[in-house]
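S.K.: Chain by chain, the residues run as shown.
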Amino acid sequence: MVDLRVKIGSLALKNPVMPASGTFSEGLARIFSFDHLGAVVTKTITAELRGGNPTPRVAEVGQGMLNSIGIPSKGVANFVEHIMPEYERFSAPLVVSVSAPTAELFGDIVRQLNLPGIAAIEANISCPNIEEDGKAFAMRSKSTAAVVRELRCATPLPLWVKLTPNTGDVAAVACAAEENGADALVVANTVLAMSIDIETFRPRLGSIMGGYSGPAIKPIALRMVYQCAKAVEIPVIGCGGIATAGDAVEFMLAGATAVQVGTATFIKPNTMLEVVEGLSAFCARKGIARVSELTGAVKDRGMHVDKLEALP
Amino acid sequence: MVDLRVKIGSLALKNPVMPASGTFSEGLARIFSFDHLGAVVTKTITAELRGGNPTPRVAEVGQGMLNSIGIPSKGVANFVEHIMPEYERFSAPLVVSVSAPTAELFGDIVRQLNLPGIAAIEANISCPNIEEDGKAFAMRSKSTAAVVRELRCATPLPLWVKLTPNTGDVAAVACAAEENGADALVVANTVLAMSIDIETFRPRLGSIMGGYSGPAIKPIALRMVYQCAKAVEIPVIGCGGIATAGDAVEFMLAGATAVQVGTATFIKPNTMLEVVEGLSAFCARKGIARVSELTGAVKDRGMHVDKLEALP
Amino acid sequence: MSTVAYETDLEKAVPVVPASSPAFDVADIEATVLANTPVNDDYVHMILDARGLALSAKAGQFFNIACPATTRDLPYLRRPMSVYRVVAPEDRVEFLYKVTGAGTRGLATLRPGDRVSLLGPLGNGFSLDPAWKNIVVLGRGVGLATLAPLAEMAAASGIGVTAILSARSRALVMSVDRFANCGERVEVVTDDDTSSDPVNVERILLRLIEAGKADAFFTCGSNRLMLLMKRVAAQFGVPGQVAMEQQMACGLGMCFCCVRNFETPDGEPEQRRVCLEGPVFKLSEALSW
Amino acid sequence: MSTVAYETDLEKAVPVVPASSPAFDVADIEATVLANTPVNDDYVHMILDARGLALSAKAGQFFNIACPATTRDLPYLRRPMSVYRVVAPEDRVEFLYKVTGAGTRGLATLRPGDRVSLLGPLGNGFSLDPAWKNIVVLGRGVGLATLAPLAEMAAASGIGVTAILSARSRALVMSVDRFANCGERVEVVTDDDTSSDPVNVERILLRLIEAGKADAFFTCGSNRLMLLMKRVAAQFGVPGQVAMEQQMACGLGMCFCCVRNFETPDGEPEQRRVCLEGPVFKLSEALSW
Ligand SMILES: Cc1cc2nc3c(=O)[nH]c(=O)nc-3n(C[C@H](O)[C@H](O)[C@H](O)COP(=O)(O)OP(=O)(O)OC[C@H]3O[C@@H](n4cnc5c(N)ncnc54)[C@H](O)[C@@H]3O)c2cc1C
Ligand SMILES: Cc1cc2nc3c(=O)[nH]c(=O)nc-3n(C[C@H](O)[C@H](O)[C@H](O)COP(=O)(O)OP(=O)(O)OC[C@H]3O[C@@H](n4cnc5c(N)ncnc54)[C@H](O)[C@@H]3O)c2cc1C
Ligand SMILES: Cc1cc2nc3c(=O)[nH]c(=O)nc-3n(C[C@H](O)[C@H](O)[C@H](O)COP(=O)(O)O)c2cc1C
Ligand SMILES: Cc1cc2nc3c(=O)[nH]c(=O)nc-3n(C[C@H](O)[C@H](O)[C@H](O)COP(=O)(O)O)c2cc1C
Ligand code: FES
Ligand code: FES
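Protein chains in written order, with my numbering: chain H, 1 to 312; chain X, 1 to 312; chain B, 1 to 289; chain W, 1 to 289.
Treat the hints as calculated values from the structure; they're not laboratory data. Any given hint might turn out to be false.
To be verified - From the structure, some residues in chain H lie toward chain B, with a derived Cβ separation under 10 Å:
| id | residue |
| --- | --- |
| 1 | P19 |
| 2 | G51 |
| 3 | N53 |
| 4 | G62 |
| 5 | G214 |
| 6 | T265 |
| 7 | F266 |
| 8 | I267 |
| 9 | N270 |
Claimed, not checked - Example chain H residues on the side facing chain X (calculated, C-beta under 8 Å, incomplete):
| id | residue |
| --- | --- |
| 10 | S207 |
| 11 | I220 |
| 12 | D300 |
The structure displayed is predicted, hence computed values, not measured ones. From the three backbone atoms N, C-alpha and C, an ideal C-beta is built for every residue, glycine too.
Okay, chain H solo, but in the shape it has when bound:
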């Protein structure tokens, strides 16, 4: 029997597999029980009520998709009253993803979520900081440091910080999050991208640009997990294009302690279960007793990164 347990800081998970925020809801419980998952992660919620983006909100592009869902939200009270109870019957720890337009408001929302039944907070800081120039917090070390510091003061819960792949220096942002009290990093969110319908000349998304996800972004997310895991001591949770157990192994080898499955669930709702089972089978075949041994086990010693590639 392979030991699938992993630890994200103080939080023990029965296995390293969980959904990515926004690609998962109670609806999936119509297909399998969340008891099989390492954790569940909610769609990002905000304190303010938010409507939705214009349609179309999705475009298929190659082996991936663009979305411009944005973060429609019915607020914290609605979440606590209506959404949270849906997860009570499952043993998987509940991670709540939150967002806010200023560091202070980030503090406010997590203070409202210091509740039994919530195992950790995932701060989606890939959203614009409206107090500065509107760039996402996670684009720069400085704004990341500020928001994480605020969050750290505001919650005693384990604090996961989710980074954006759109920054030029993800390792520096990762360090800023660690130094200011993050317990773990989620690497990463969607890649900003675009598609145009050449028949109508119109952007394929109602919001012109949107987030690219799915297998196509896997090598980019994997590279960032590798860079972040080298840069920080706290656990890194890999996310981006994971669709098979082999992908999960690859992210763990690169340095991830756990993985999040996003878009793949849309293509094959059972993906997370298959990843759990496949990780176990892989370790068994390789004679690996604990899945956690995979973390950072990439054999890169003696290898060097080419200095003439465009290294951020």
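Let chain H serve as the given structure and place chains X, B and W with the ligands on it in line with the hints.
M.R.: Relative to chain H, chains X, B and W with the ligands alone:
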């Protein structure tokens, strides 16, 4: 007859299709004549002699590839004596891609290339600036400004500046290049990425990380072309994942004046010819007299970018 | 399946899905193609051998189908398809689709014996009020695929059906036999002879209302016809249902890709997910698309 | 073809490739599959109907083949494959490949009548010195596919051939008939009976040199055997050629993906492109891989 001519600043091209640097050589002339192309662009050359990177230098990842070729170079003299003459027999203007480790050395190399037979210089500034912290010039506006200023003083030839998609703010870098005298921008180079062999636990590339290219990166490059074309007045040349005439149309709608075809040539050596013919057929069907009318013709008026996406 | 393992062949995972548990009302199953035959230039009729939950699909519900890659296309997302017919005792689920883009081109390459992944049944189907005696079904294009099983369900409940089938030309009207077979009155209106003109369709609806043949309205497949039916329904207080389409990713209410605007009974605007809250909605709450 | 149009169906472009011009010695052609038959558990023999330049391929040259997508794999890059046989008068080009990963799994799904894109002929093939009377060919695994046409080419030039075929077991030695048919001496050595042991292979080589049957050495398919042959060749001054493999993208010398290290005659290290400068190299300049 559709008019396929486009102008990149003062340089008139018979059509908007050319190869991307490093994905093209005289070898392709064994399959078709370069007279059919808008321009030819050489593999990046450097002044200093450079050996190659360790193998493996290529990995197939989904609908794209990673490469860690780096920039092996036999120097300028070898280029002028042995490579340039190979292109003399073709009517397509010759664009020479150059790179250097400091702004000053960038100046030095282009001074040696002020030769008849060279129609333009493409500065590949996605290479590390060894005088600063080793980050690629094109990662930041400041280092971009410095190197473009130097280049502008050093050459009277049309100066194209090729940007990296790995920066967090490509539009700002584009502006820095324009303000300092670039005649055109090439958007963009490969995306830094990684892949690990889960059987051997070893990185798939000898240099651990490498450049991601092919259809998988198209929506990212397209987004950057759109952002850059909105930000600058000079022509933008689109590059990244273009494999069909439809892709070329998409890049032109987003704001590109011309396009470069890279990896697709490896998959289908005739791709550039097919794109030229396909552009003509597309315009004919749509009743468009000049292909240049496609540039920036995306119908985005009245549409707005969602502020809650991770906008760089 | 369009999901692909790029990597080393990995141990085949055995999913731990207790599909028989009552809490689980949706399943991702592998069905086997029995037939996949063009009905005319555009439309293909696919018959699958399926098991389990799939056989419980009701009129108006749909499946999210994984479309195979071809030499030309690599469809990534699944495609939602209304159930066209279920013959539960024979383990058969059928679809009728129009070959349009990457996904349906892929579906069209399936041969008998091929396997296809089917997620469902999804969404809320049509509902029939036992008090109704006669209903009117108005459809166009591929909307007929969605309405055909509704007509049969009504017939099975002893509800009379008048079907108004609209199309460009007579040759393109499909499923006339399916509608007629269950003893329904069928009116075919076409663009060719201008009988599909809204004015004429409205005249037919009014006639049916007058004749007491319109206890409820049902429509699918045309925005224009939906708006017409909605107006007439409001005017005469006829209850109605419409099956909507919207681009989807998950089909399960998770991604919020498939929202459309609706109006609540008090006239407030509201975004709803077509996959979860629909695809069948109250005609009175539906808005133009 | 693994290139795929994700977008709207675009006007089919007519390439302006003057394939008949003498300057153009490589072409990307569509060949038709005549047969694609397993020869044993691992290997498949593919026979294509091809035209034009493809029929000029020589032993040691190769084609870069576009492998079809399957439900499991979406190979993106082309795969280089040595020409196994060309029967120009019958428009036939043949390959022998081992089913290994995404590309060859895709190839294995091809059926007679299917089309496959073939770029070539590429690279430099083997060369024979008319002064040679007898050569020795040493191969293992899929390397035999590369060497088989060389043996035939030699036989056609009146050069005697001794073929040493190495394999895990007798059952896995392919093409023995192809080698034997052209009147060659064939020695099969296997791991099973330890006859494939380097010591034994060296003994055979020495015997052939002594017997005057080794005017030149040729090898493909095994690093170990290549090193052995290189050592013996150097010791006895026998000229030699080796066909190398390396992962490729373009196959045309453009991308520099396929470099390997070699040593020049003066012992200097040098990187060369296997696709352009090779795949056949002087044995004396080849290095271990
Ligand atoms: C609930 C529901 C039931 C449906 N039932 C049927 C049916 O029974 N028969 C049938 O032929 N079609 C049906 N459709 C439309 C179907 O899902 C396909 O989208 C459509 O056939 C075109 O897909 P494609 O892959 O061929 O085209 P593509 O151009 O490749 O599609 C690109 C993307 O746009 C989406 N898309 C394109 N057209 C539509 C549309 N009309 N509605 C929703 N998304 C669209 C596709 O799903 C895909 O994500 C239904 C749609 C919905 C939402
Ligand atoms: C000049 C030349 C001639 C060849 N001739 C033959 C032949 O006649 N028969 C045959 O079976 N194979 C031959 N090969 C190897 C062949 O190109 C394939 O790479 C190999 O069959 C495995 O490909 P795959 O797609 O099944 O495996 P995958 O694991 O999917 O391959 C992944 C990548 O690695 C590359 N790769 C894997 N193995 C090799 C290899 N041994 N050499 C080069 N690249 C490799 C593939 O091309 C691909 O880019 C030849 C290679 C070269 C360079
Ligand atoms: C439809 C959709 C909605 C998403 N919503 C959110 C969200 O609310 N909060 C968030 O942090 N990430 C969100 N994401 C990003 C995912 O959590 C994930 O980071 C990204 O999709 C990359 O992983 P994947 O390739 O496995 O999908 C969303 C992604 C998709 C596709
Ligand atoms: C094998 C290979 C080598 C490359 N070498 C160079 C180079 O020397 N200089 C350069 O500016 N870009 C180089 N590039 C990047 C391409 O020019 C192009 O920007 C990138 O591949 C994206 O375009 P594509 O997706 O069409 O390939 C190289 C790309 C590949 C795949
Ligand atoms: S398709 Fe995902 S919510 Fe409807
Ligand atoms: S494969 Fe491109 S240079 Fe050899």
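S.K.: Taking the hints in turn, state whether each one holds.
M.R.: Going through the hints against the structure:
no., hint, in the structure
1, P19, "holds, 9 Å"
2, G51, "holds, 7 Å"
3, N53, "holds, 9 Å"
4, G62, "holds, 7 Å"
5, G214, "holds, 7 Å"
6, T265, "holds, 7 Å"
7, F266, "holds, 4 Å"
8, I267, "holds, 5 Å"
9, N270, "holds, 5 Å"
10, S207, "holds, 4 Å"
11, I220, "holds, 5 Å"
12, D300, "holds, 6 Å"
When each numbered hint is compared with the structure, no violation occurs for any of them.
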